[in-house]
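S.K.: In order, the protein sequences belong to chains A and B. Per the numbering used here, residue 1 is the first one in the first sequence, and the count goes up by one each step. Per the numbering used here, residue 115 is the first one in the second sequence, and the count goes up by one each step.
No lab work stands behind these hints, which were simulated from the structure alone. Predicted model only: the values in this text are computed from it and were never measured. Idealized CB from N, CA, C, for every residue including glycine. Warning: the hint list may mix true and false statements.
[Said to hold, decoys possible] Straight-line C-alpha distance at most 16 Å; calculated EDC-like pairs for lysine to aspartate or glutamate:
1. A:Lys13 to A:Asp85
2. B:Lys166 to A:Asp85
3. B:Lys174 to B:Glu130
4. A:Lys57 to B:Asp208
5. B:Lys182 to B:Glu156
6. B:Lys166 to B:Glu156
[Stated by the list, open to error] Derived DEER-like restraints, expressed as beta-carbon distance ranges:
7. A:Ile12 to B:Tyr153: 20 to 30 Å
8. B:Pro225 to A:Ser70: 28 to 38 Å
9. A:Gln41 to B:Thr165: 39 to 49 Å
10. A:Ser70 to B:Gly192: 18 to 28 Å
11. B:Glu122 to A:Glu82: 34 to 44 Å
12. A:Thr7 to B:Thr184: 36 to 46 Å
13. A:Gly84 to B:Ile224: 46 to 56 Å
14. B:Thr165 to A:Gln44: 36 to 46 Å
15. B:Ser128 to A:Arg63: 44 to 54 Å
16. A:Thr53 to B:Ser128: 32 to 42 Å
17. B:Ser117 to A:Arg63: 20 to 30 Å
18. A:Arg63 to B:Gly115: 22 to 32 Å
19. B:Gly175 to A:Gly16: 25 to 35 Å
20. A:Ser70 to B:Ile224: 14 to 24 Å
Given next are the chains, with one letter for each unit.
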Amino acid sequence: KAGVTQTPRYLIKTRGQQVTLSCSPISGHRSVSWYQQTPGQGLQFLFEYFSETQRNKGNFPGRFSGRQFSNSRSEMNVSTLELGDSALYLCASSLVPGTQREQYFGPGTRLTVL
Amino acid sequence: GNSVTQMEGPVTLSEEAFLTINCTYTATGYPSLFWYVQYPGEGLQLLLKATKADDKGSNKGFEATYRKETTSFHLEKGSVQVSDSAVYFCALSDQGNQFYFGTGTSLTVIP
Numbered sequence: 001k002a003g004v005t006q007t008p009r010y011l012i013k014t015r016g017q018q019v020t021l022s023c024s025p026i027s028g029h030r031s032v033s034w035y036q037q038t039p040g041q042g043l044q045f046l047f048e049y050f051s052e053t054q055r056n057k058g059n060f061p062g063r064f065s066g067r068q069f070s071n072s073r074s075e076m077n078v079s080t081l082e083l084g085d086s087a088l089y090l091c092a093s094s095l096v097p098g099t100q101r102e103q104y105f106g107p108g109t110r111l112t113v114l
Numbered sequence: 115g116n117s118v119t120q121m122e123g124p125v126t127l128s129e130e131a132f133l134t135i136n137c138t139y140t141a142t143g144y145p146s147l148f149w150y151v152q153y154p155g156e157g158l159q160l161l162l163k164a165t166k167a168d169d170k171g172s173n174k175g176f177e178a179t180y181r182k183e184t185t186s187f188h189l190e191k192g193s194v195q196v197s198d199s200a201v202y203f204c205a206l207s208d209q210g211n212q213f214y215f216g217t218g219t220s221l222t223v224i225p
């Protein structure tokens with residue numbers, strides 16, 4: 001079974017631009033979560049989607065948004081990029097939420113903001 | 115609120131040494147506990163898990179026991195290898211399936 005895939009793997013943007021990252025969960029997984037990983041802050045939870053609805057949201061500004069499609073694929077968008085948005089963005093999928101099942105992570109998208 | 119605290123790194127060990135990475139948690143209810151490992155340039159991989167008190171998770175020679183009385187889930191391995199060099203994350207999942215991660219502990223194993 002294929003794992004979680006994320007595209008693109010690397011991105012370079014400039015301040016003020018916007019970016020869209022994509023995540024395809026493991027086949028059959030319906031819950032997708034997004035995390036931001038930086039050396040200073042570690043792993044921080046962005047949001048979680050299930051059945052095209054946002055279930056949980058972390059403490060990030062409104063510039064960070066996401067959505068989930070009917071096939072469970074998810075995208076996250078960051079508008080008006082800032083230097084501090086440079087990070088590894090990780091997507092994780094699980095079968096369904098609310099059951100304490102493990103999450104499976106993709107390789108991440110490395111975003112660099114110049 | 116829920117949180118995970120794990121020992122600061124980096125940790126450097128010689129090959130075949132014994133490894134312990136401490137992890138304690140704060141949570142309401144009955145969380146599940148996990149250890150994830152991240153190799154350079156990659157995402158996180160599930161290493162082991164435990165879903166209730168006194169459960170022992172194990173995988174690839176690594177073990178951790180869910181201790182509710184001490185709210186701990188320490189990771190151990192009897193004999194580390196160079197290939198174990200990575201960053202290790204302790205995590206908990208609450209009833210809402212939201213995950214909380216520790217800050218990660220970097221392990222380097224030298225031959």
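S.K.: Against the structure, test the hints numbered earlier, and report the numbers of the ones violated in rising order.
M.R.: Violated hints: 2, 5, 6, 8, 9, 10, 11, 13, 14, 16, 19, 20; rest satisfied.
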